[in-house]
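**Q** Sequence:
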Amino acid sequence: MTESSARRTVEFWCDLQCPDCATALDDVRALRAAHGDSIDLVLRHFPLEKHKFAFAAAEAAEEAFAQGRGWPYVEALLGRLPELERGGTGFLAALATELGLDGEELDTALIDGRHSFTVEADHAEGKAIGVKGTPTYVVAGKLLDGSKSQDGLRGRIDELLG
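Counting from 1, one number per residue, gives the positions in the sequence shown under this note's numbering.
For the record, the hints were derived by calculation from the structure and aren't laboratory data.
Even glycine gets a Cβ: it sits at the ideal position worked out from N, Cα and C.
It is possible that some hints are incorrect.
Subject to a maximum C-alpha distance of 27 Å in a straight line, what follows is the list of computed BS3-like cross-link-like pairs (lysine-lysine) [stated by the list, open to error]:
1. Lys-52 x Lys-148
2. Lys-148 x Lys-132
3. Lys-127 x Lys-52
4. Lys-142 x Lys-127
5. Lys-142 x Lys-132
6. Lys-50 x Lys-127
7. Lys-127 x Lys-148
8. Lys-50 x Lys-148
9. Lys-132 x Lys-52
10. Lys-132 x Lys-50
Simulated restraints, written as ranges between beta carbons of each label pair [what the hints assert, rightly or not]:
11. Ile-111 x Lys-142: 34 to 40 Å
12. Gly-68 x Arg-8: 19 to 25 Å
13. Glu-125 x Lys-52: 18 to 24 Å
14. Lys-50 x Gly-100: 28 to 34 Å
Use the sequences and the hints to build the structure in full.
**A** Dropping the structure here:
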């Protein structure tokens with residue numbers, strides 16, 4: 001595989017209760033459309049303390065990935081933030097069921113904390129590499145902070161991807 005055809009990784013550092021991350025989904029979709037199978041788009045969790053259900057939402061997303069439908073769950077969740085704020089963890093399980101996942105198993109995962117280590121490890125790594133807010137991307141070793149403004153961010157990511 002040549003360097004230009006090698007798969008590249010784009011880390012999307014996200015708080016799943018963050019309105020800015022919901023807005024960033026348009027960029028995530030555009031990156032997938034433009035680069036297709038040549039990139040690995042990896043969700044990394046950076047729940048912010050100001051969002052009451054962000055940590056639980058991250059754990060729920062990990063369970064959705066474990067059940068094989070992580071990205072559809074993430075996109076649906078970010079598209080329905082007001083429902084998350086009203087329904088809390090009950091909404092997380094209901095959304096899973098609605099999407100054809102095992103909502104009871106997702107609820108059990110939230111109770112037993114089986115994905116909490118993954119979320120905590122992501123958060124700690126994010127702090128260590130300088131993530132300050134969300135959305136933030138890591139592309140080609142460069143940290144791109146979109147928490148203040150997302151203007152021009154997708155273009156910069158495209159440049160780094162070559």
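**Q** Sort out whether Lys-50 lies within 27 Å of Lys-132, counting only the CA atoms.
**A** Holds, at about 13 Å.
**Q** Lys-52 and Lys-148 were given as a pair; does the straight-line alpha-carbon distance stay at or below 27 Å?
**A** Cα-Cα ~21 Å, so holds.
**Q** Has the given pair, Lys-127 with Lys-148, been kept, meaning a C-alpha gap of at most 27 Å?
**A** holds (17 Å)
**Q** Given a hinted range of 34 to 40 Å, is it respected by the beta-carbon distance of Ile-111 and Lys-142?
**A** Between Ile-111 and Lys-142, where Cβ atoms are some 38 Å apart, the hint holds.
**Q** Lys-148 and Lys-132 were given as a pair; does the straight-line alpha-carbon distance stay at or below 27 Å?
**A** holds (10 Å)
**Q** Starting from the range 19 to 25 Å, see whether the pair Gly-68 and Arg-8 falls in it by beta-carbon distance.
**A** Given about 24 Å between the Cβ atoms, the range holds.
**Q** For the pair we were handed, Lys-142 and Lys-127, check the Cα-Cα distance against 27 Å.
**A** Given that 27 Å is the threshold and the Cα spacing comes to 15 Å, the pair holds.
**Q** Take the C-alpha atoms of Lys-142 and Lys-132, compute the straight-line distance between them, and say whether it is at most 27 Å.
**A** holds (14 Å)
**Q** Taking only the CA atoms, is the gap from Lys-132 to Lys-52 under or equal to 27 Å?
**A** holds (18 Å)
**Q** For the hint 28 to 34 Å, verify it against the beta carbon of Lys-50 and that of Gly-100.
**A** With a Cβ separation near 32 Å, Lys-50 and Gly-100 satisfy 28 to 34 Å, so the hint holds.
**Q** Measure nothing beyond the straight line between the CA atoms of Lys-50 and Lys-127; if it is 27 Å or shorter, mark the hint as holding.
**A** holds (16 Å)
**Q** Given a hinted range of 18 to 24 Å, is it respected by the beta-carbon distance of Glu-125 and Lys-52?
**A** holds (23 Å)
The structure meets every hint from the earlier list without exception.
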